[in-house]
Every structure is written in C-alpha cells, then in structure tokens.
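Full structure from sequences and hints, please.
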Amino acid sequence: MVSIDLSWRSFVEKGDEPSFSIIYNNHVDDLYAYGVSLGFQKEICKDAIQDIFYKLYISRDNLHYIKNITAYIFKSFKHRLIDLSRKNIREETLDSVTESFTVQVTVLDNIIDSENAEILKKKVYSLLNGLTANQREVVYLKYMIGLEHKEIADILDIREESARKLLYRTMEKLRQQVSEEDFPEVLGVLFLLFLLHRFM
Amino acid sequence: MDNKNRLFQNDHNFLLAEDFIRWRLFRTKESDEYWNNFLIENPHLEKAFHEAIIQFNAVKINRDQLPDEDKKDVYRTVLLNIHRYKRRRLLRRIGSVAAVLVIGILSVLFFNRREDVRSDGSPKNEIIVGEALPVEEIYLIAGGERINIAHKSHIGLTGDGKALVTDSTDSRKELSLAAAELNKLIVPYGKRTSLTLPDGTEVWLNSGTQLDFPSKFMGSKREISVNGEIFINVAHNSKVPFVVRAHDMDIYVQGTSFNVSAYHDDSRKTVVLVKGKVKIETTDKHTTELLPNEKLEVTDNDITKESVNVSEYISWTKGILEFDETPVSEILKKIGRYYNVQFESIPEIKLNDKTCSGKLFLSNNLDSVMTSVSVLSSTVYQRENNIIHITKK
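Heads up: the protein sequence lines correspond to chains V and Y, in order.
Everything in the first sequence is counted per my numbering, starting at 1 for the first residue and increasing by one.
Everything in the second sequence is counted per my numbering, starting at 1001 for the first residue and increasing by one.
Careful: at least some of the hints might be erroneous.
[Said to hold, decoys possible] Listed below are the simulated DSS-like cross-link pairs for lysine-lysine, each with C-alpha atoms no more than 25 Å apart in a straight line:
{"#": "1", "chain 1": "Y", "residue 1": "K1029", "chain 2": "V", "residue 2": "K67"}
{"#": "2", "chain 1": "Y", "residue 1": "K1173", "chain 2": "Y", "residue 2": "K1216"}
{"#": "3", "chain 1": "V", "residue 1": "K142", "chain 2": "Y", "residue 2": "K1060"}
{"#": "4", "chain 1": "V", "residue 1": "K14", "chain 2": "Y", "residue 2": "K1071"}
{"#": "5", "chain 1": "Y", "residue 1": "K1334", "chain 2": "Y", "residue 2": "K1305"}
{"#": "6", "chain 1": "V", "residue 1": "K165", "chain 2": "Y", "residue 2": "K1029"}
{"#": "7", "chain 1": "Y", "residue 1": "K1305", "chain 2": "V", "residue 2": "K67"}
{"#": "8", "chain 1": "Y", "residue 1": "K1285", "chain 2": "V", "residue 2": "K87"}
{"#": "9", "chain 1": "V", "residue 1": "K121", "chain 2": "Y", "residue 2": "K1060"}
{"#": "10", "chain 1": "V", "residue 1": "K75", "chain 2": "Y", "residue 2": "K1305"}
{"#": "11", "chain 1": "Y", "residue 1": "K1184", "chain 2": "Y", "residue 2": "K1162"}
{"#": "12", "chain 1": "Y", "residue 1": "K1305", "chain 2": "Y", "residue 2": "K1277"}
{"#": "13", "chain 1": "V", "residue 1": "K75", "chain 2": "Y", "residue 2": "K1072"}
{"#": "14", "chain 1": "V", "residue 1": "K150", "chain 2": "V", "residue 2": "K55"}
[Unchecked claim] Partial chain Y-side listing against chain V, Cβ under 7 Å, derived:
{"#": "15", "residue": "I1021"}
{"#": "16", "residue": "Q1055"}
{"#": "17", "residue": "K1060"}
{"#": "18", "residue": "I1061"}
{"#": "19", "residue": "R1063"}
{"#": "20", "residue": "V1078"}
[What the hints assert, rightly or not] Pairwise CB distance ranges, derived in the manner of DEER restraints:
{"#": "21", "chain 1": "V", "residue 1": "R86", "chain 2": "Y", "residue 2": "N1301", "range": "18 to 24 Å"}
{"#": "22", "chain 1": "V", "residue 1": "L108", "chain 2": "Y", "residue 2": "H1044", "range": "24 to 30 Å"}
{"#": "23", "chain 1": "V", "residue 1": "E99", "chain 2": "Y", "residue 2": "L1291", "range": "20 to 26 Å"}
If you are wondering where the hints come from, they were derived from the structure by calculation, not from laboratory data.
For glycine and all other residues, C-beta sits at the position ideal for the given N, C-alpha and C.
Following this line, the structure appears as structure tokens:
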C-alpha cells in the first residue's frame, strides 16, 4: 500500500485528480466487497462509496493529520452505509445495525494447483464459519485490508480494550478449531497425498 | 500443536497444516515468533515454508467486485458533484466581484447626477437605509383568546392548562390555556420571550418567531412547531421523545440543548447542538445525527454539517450578538429582527459584504447598538426619527 500513501500525500497537498483517482481505484473494489459482506445491497454500497469520496475531496483540507487513509476510508464507508440504511428503516433506534458478516473464499489457482486449492479453500472456509460475525469482520479487515488492531477497533466502534479481547478470542477460537475438528480429516487427506506420491 | 507439526515435517505441505493456515489468516506477535523459531529449528524446511507463504497469498476473502461500468459511473458522479461544489464556491466569489464593478458604475452615475441635482443641500451620500418600524406586541393565542405578553417575559406552563406569566418587573399574571387545540405564541420583530413547558423544557424565543405548543403533553411524543428561532433545553425523558417541527425539518431528541433557526422567509435553516444528541429528518426523508458543537445547515438543495463554536449561535439568549467574519448584511438582518428595523437589502451595495467580528451587547436602546455596529464596521450611523442611514467612513 506504499503507493497509496504517496498518492494520499500528494492529494492532500494538491487535490489533483490523478492522485484522487488512484486512491479511488485502489479502494473501490474492497469497499464494495466489504459493504456486501456486511449485508448491504449493491445500490447502497455504490451510494456510500460515492458519498464518501465526494466528502473526502471537499474536506481534504481538514484531513492533513490522517496517516492511514485506508483505515479512514473504511470507517467513513461503514458509517455512511449505516446512515444510508437508516433512511429506509423507520425506526427510532440509534444503535448499530449490522450483525452479519458473510465470507466467500477464493483461491487463485494459478499459484496452487486446483486440487490443493480446493482443499485449502474448504479448510479456510470452515475455519471462518466457526467464528462469530464480528470475528470474521476482524479477520477480513486484518487479512485482506491490512489494518491494525487499533484501526479495526475504531471501525467496529469498540474500545481498544474490547478490541483486544475480541481479537484474542478470535485467535483462541481459530486455535481451538484446530484441536477439535479436522484432525482425523487432515490425517486422511495426508494419507491420500502420500499414496498419490507413491504412485507418481 | 507441536505434535501435528512433526507430522508435516517430512511433507512440505504447510498448506494443509491448520495452525499454519490460522497463522496466515490472523497473524499475531506470538504466532509470528512461534513460526520463526520453528524455522530456526528446521532450516531444511525453509524453502518449502516460504513457498507455502507465497502460495497461501492466493487465498482471498470476499473478492466481490463492482463491474467496471459501475465503478466508472460512481467515479464520474463524484467528479461531477465536486465540480458543482467548486462552481458554487466560485460563483459566490464572483458575485462580490461583480458587485464591486456594479458599484463602480453606479457611483459614477450617482455622482454625475448629483452634480446636477443639488437640491436641499443635505448630504445625500447614504448607502444603507433602514426604517424603524412601529412597535408590535408579543401575544399568545390560547383557545380563541388573544392575550398580550410583555417584552422579555417568562411564561411558565403549570401542566394543568394554566400558565404563569412573569414580566421583567417581576409582576405575575395567570392565564388559562387552550384545552384541546394548540396554543400559539407570536413574538414579533423587536421582541423576545421565554417559555417553560409542562415537562420542564425551557424555550427561548427570538424576534420574529411563532411557536405552536400544547397546554400539556399527552401521548407517546412531546411535539412543538416553530417558525423562527428558538434555543431549547429539552427536559430529559427517555420514554417520551421530543420532536421540534420546523418547516421542512423535524428534530428528534430525548434530552438536550440546541438552537434552531428556521425562519420561513430565510432559505437557510440551521440547527446547532450544544449538548446531547439529536436526529434531524428533512423533507426528502434524509436523516442526520448531530453531536455537540455541530451545526446542520439546510438550504433548498443542500444539507451540510460542520463543527462550530456554539456560543456564536446561542449568545442571543443572553442578549449578546456574537459574530465571526460575518458580513454586515447578516448583522443588519439580525439587528433588524431584534429591533424591528427594516434595512434595505440592495445586493449591489458593497458595504453589505464587509465582514466584521465581535460581540454586541443588545441593549434596549437601538441607537447604542447601532453606534456599536458602526464602530465595529467602520461606518457612520445616523438616525432621523425612524429613518436610519449607514454610510462608509
């Protein structure tokens, strides 16, 4: 993400369109994916992306202090999604809305052969599905977006202390799943591979 | 955990090792250290290990992508909106430049004409003209009856359909309010008053304000309507939310203090929050939340939120007008309402755009206030009966 930092610096100083478009293009897909995982419809995600980039541009003079623009953009995006969705829900509650986080695992198969890719994909999938929605969101923000614990806590709107506990629990859960479930299955797969090896 | 690893040692299939997967998905300092040590203890596996890391990077979570068409669409709209925003700002600046040009031309004409028509000898180089209008009284319409209220009185609702009016000399009067329909409190220009509602909510009404309110709050909501400017300190009641209806916005609160400026004849309406939290719903069903020290401004085609220094916006309740780089036209508009003086608003007059900063003590005497204004704005104030002239120094 080094090029993003440079583009951000340049954008903050000059407000030039090329830097702005680099920042946009670097985030738009991840933002969309994030919005969809949180359970929002395509149109709301598009509207939210549009709104936050507009706001980013016109308020850039106030944003000099931001070091990690990605964290800021993700946080703005999540808040905007919630604001937009509240327009449609005629409720008086001012509390947070989302309690879901879906995952779709893909494994690029030009790096691993497709057989192993399938196995790996299933493993990762089952690991993630054993977590809570919040924990999945945390893993996503950490693994795919590369945010730090503090930034993730900020986006989830929880105090750093609570974030630390959540992250710790996520870790523990992942660790537990290893010891509980798939051990025999793993052995089986290994044996199979061993056999395949023998015959090749 | 170690046992499992022994199993995979001879088979460089880290990608099948659950703890390896877990580590790559969710790295921590501890697990980083663990795997580092593992490498140190098993140097022969280093190549396979690093290869596995590269291969694991092929794992992606949530790779939904917006179609290119949509991505471009959104970006185009963002740029368009930015362009419009820049244009609005530019037009404002161009506006004042054009004003200067027009003044230049106008004053040339004006001077030329005066050369010819030197009639009564009185110096007619006035620029802004104002007229002090006849005094009007505050009145309350309650159940078909019209009751006069003295300037700067306080009206306290007792909750059983009656109100106690205390004026600035401390003399009291008891009134009966409407039984079923809403009461209407009308505060004309030049007057101010305050009101306490049956739940303890305090309302300060600025000049030129009408407030509609019930004699007592019943039902699941506490509701009032305003056309004008009020500062309100809502009594906290989490069971019965409070709604302030102001022309084309509804402000929802539980217990909080904020200022609403929503004059029907003003295209710009604002809400400034001092304490608490409010939710504002505008006619297009757009909802915005405000936090303390934030201001929401609603115009015909725009809703903006910004952080502000609240004292500027609520000082009127204490009889003080605070302004920060405010154009003279704005200051005169507020003073006009406060003292019931009608100022000409000719946009070409450059003097209107001159900005001033400062605090004005809004005394009962219009003259002393106008003199202060003239000092702050480097103008000359003259008054003859009810006509006011403001000229450049």
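Against the structure, the hints come out as follows:
Pair hint Y/K1029 plus V/K67 holds up; C-alpha atoms about 23 Å apart against a cutoff of 25 Å. Pair hint Y/K1173 plus Y/K1216 holds up; C-alpha atoms about 19 Å apart against a cutoff of 25 Å. As the CA atoms of V/K142 and Y/K1060 are separated by approximately 12 Å, the hinted pair is consistent with the 25 Å bound. Straight-line distance between C-alpha atoms of V/K14 and Y/K1071 comes to about 24 Å, which keeps the hinted pair within the 25 Å bound.
For the hint pairing Y/K1334 with Y/K1305, the CA-to-CA distance comes to about 22 Å; that is within 25 Å, so the pair holds. Straight-line distance between C-alpha atoms of V/K165 and Y/K1029 comes to about 15 Å, which keeps the hinted pair within the 25 Å bound. Between Y/K1305 and V/K67 the alpha-carbon distance is near 24 Å, which keeps this suggested pair within the 25 Å criterion. Proposed proximity of Y/K1285 and V/K87 is supported: the alpha carbons are some 7 Å apart, at most 25 Å.
The suggested pairing of V/K121 with Y/K1060 holds, with an alpha-carbon distance near 9 Å, which does not exceed 25 Å. Annotation: proposed proximity of V/K75 to Y/K1305 holds, straight-line Cα distance about 18 Å (limit 25 Å). This hinted pair checks out: Y/K1184 and Y/K1162 have alpha carbons roughly 14 Å apart, not beyond 25 Å. For the hint linking Y/K1305 to Y/K1277, the alpha-carbon distance of about 14 Å falls within 25 Å, and the restraint holds.
As the CA atoms of V/K75 and Y/K1072 are separated by approximately 23 Å, the hinted pair is consistent with the 25 Å bound. As the CA atoms of V/K150 and V/K55 are separated by approximately 24 Å, the hinted pair is consistent with the 25 Å bound. At about 6 Å, the closest approach between the beta carbon of Y/I1021 and any beta carbon in chain V falls short of 7 Å, and the interface hint on this residue holds. Because the closest C-beta pair between Y/Q1055 and chain V is about 5 Å apart, less than 7 Å, the hint holds.
Evaluation of the Y/K1060 hint against chain V yields a held restraint, the C-beta minimum of about 5 Å falling below 7 Å. Taken as an interface hint, Y/I1061 checks out: its beta carbon lies about 5 Å from the nearest beta carbon of chain V, inside 7 Å. Residue-level restraint check for Y/R1063 holds (minimum Cβ-Cβ distance to chain V is 5 Å; threshold 7 Å). Given the 7 Å rule on beta carbons, the hint for Y/V1078 holds: about 5 Å separates it from the nearest Cβ of chain V.
Take V/R86 and Y/N1301: their Cβ atoms lie about 22 Å apart, and the range 18 to 24 Å holds. For the pair V/L108 and Y/H1044, the supplied restraint of 24 to 30 Å holds, since their beta-carbon distance comes to about 28 Å. Hint check: V/E99 to Y/L1291, Cβ distance near 24 Å, so the stated range 20 to 26 Å holds.
When the structure is compared with the earlier hints, no violation turns up for any of them.
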